Amino acid sequence: MPTWPVPGLLPERPAWALAALGLVVGAGVALFVVLDASDRTARALAPLPPIPALAGPTPMGLSADEGEAARRPLFTPDRRPPATPLGPASADGPDLQVTGVVTGGGGGAATGVDHHGQKPFSVRLGDEMEGWIVDAVTRDGLRLRRGVSVRDYPLAVPPPPASQARPTFQPPSQASGRVSPGAPPTAPAMRPPPGPNGQPPDPGQLDAQPNHPPSRTPSPDGPPPNTPPKATPQP
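In terms of the working numbering, the sequence shown opens at residue 1 and continues consecutively.
Keep in mind that the hints were calculated from the coordinates and are not lab data.
One should not assume that every hint holds.
[As the list claims (entries may be wrong)] The following label-pair restraints were derived from C-beta to C-beta distances:
1. 149 / 97: 13 to 23 Å
2. 54 / 21: 56 to 66 Å
3. 47 / 26: 35 to 45 Å
4. 49 / 106: 51 to 61 Å
5. 102 / 160: 17 to 27 Å
6. 161 / 127: 32 to 42 Å
7. 122 / 92: 21 to 31 Å
8. 158 / 124: 21 to 31 Å
9. 114 / 161: 20 to 30 Å
10. 95 / 54: 52 to 62 Å
11. 47 / 24: 35 to 45 Å
12. 103 / 51: 51 to 61 Å
13. 128 / 105: 19 to 29 Å
14. 105 / 53: 20 to 30 Å
All values derive from a computational prediction rather than experimental measurement.
Glycine included, each C-beta is placed from N, C-alpha and C at the ideal position.
With the hints as constraints, model all of the structure from the sequences given.
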């Protein structure tokens with residue numbers, strides 16, 4: 001029976017060193033992996049940094065023209081500003097006579113005559129006229145504004161045409177005896193004959209008289225009544 005140690009059965013010293021080194025390296029790698037995983041978990045559970053305050057809203061450019069919101073209000077059924085009553089006019093301002101207004105789309109327009117230059121004018125809402133701004137165009141007229149001064153020009157409505165009297169036909173007066181030229185002469189009115197002693201006739205007797213002419217009494221020698229005359233032969 002061989003005795004211990006048996007040559008050739010035990011590994012040599014370099015093999016032991018390599019095995020020990022492999023164990024140490026493997027343990028180090030395992031320890032590094034464990035520590036790295038724990039560090040990642042710790043970093044994931046760390047509180048988030050505070051969120052900075054958001055910046056204020058930036059101004060947005062309006063696509064509509066300036067003053068469009070005032071000329072076409074959003075919350076009115078017809079998208080038209082309410083008509084303001086015409087107030088007292090200021091002492092100065094253009095001398096205008098408004099003869100026509102249009103209150104359709106675009107805020108309305110007005111036309112008329114400028115008495116200063118004796119020329120017609122046509123303005124729209126927002127236009128400038130001799131330093132005055134067209135503030136409103138309503139059915140009643142035109143309003144100009146310059147600062148706090150306001151000038152209103154009512155719509156000049158022409159008066160209605162006078163009604164012409166229809167000519168009436170008047171017959172010529174019998175009392176005056178005038179007869180229009182070309183008119184046929186009128187027969188005089190028939191008066192009943194006077195009664196006895198010059199008295200007017202009795203109306204009852206007039207009603208009792210027949211309206212047909214009296215019949216003639218035939219003579220004994222003459223032809224009977226209602227007999228046509230005989231034709232006389234001519235030679």
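Checked hints:
1. One distance hint, 13 to 23 Å for the beta-carbon pair residue 149 and residue 97, holds here, with the actual separation near 20 Å.
2. At roughly 59 Å, the beta-carbon separation of residue 54 and residue 21 lies within the given 56 to 66 Å, and the hint holds.
3. Checked against the given bound of 35 to 45 Å, the beta carbons of residue 47 and residue 26, roughly 36 Å apart, stay inside it.
4. The hinted window of 51 to 61 Å between residue 49 and residue 106 holds, with their beta carbons roughly 55 Å apart.
5. With their beta carbons about 22 Å apart, residue 102 and residue 160 fall inside the hinted range of 17 to 27 Å.
6. For residue 161 and residue 127, the Cβ-Cβ distance of about 34 Å falls inside the hinted range of 32 to 42 Å, so the restraint holds.
7. One distance hint, 21 to 31 Å for the beta-carbon pair residue 122 and residue 92, holds here, with the actual separation near 22 Å.
8. Residue 158 and residue 124 have their C-beta atoms about 24 Å apart, which keeps the hinted 21 to 31 Å range intact.
9. Between residue 114 and residue 161 the Cβ separation comes to about 27 Å, which falls inside the hinted range of 20 to 30 Å.
10. Here the CB-CB span from residue 95 to residue 54 is close to 58 Å, well matched to the stated 52 to 62 Å.
11. For the pair residue 47 and residue 24, the beta carbons lie near 38 Å from each other, so the given range of 35 to 45 Å is met.
12. About 54 Å separates the C-beta atoms of residue 103 and residue 51, a value consistent with the hinted range of 51 to 61 Å.
13. At roughly 21 Å, the beta-carbon separation of residue 128 and residue 105 lies within the given 19 to 29 Å, and the hint holds.
14. The hinted window of 20 to 30 Å between residue 105 and residue 53 is violated, with their beta carbons roughly 45 Å apart.
Of the hints listed earlier, the one the structure fails to meet is number 14.
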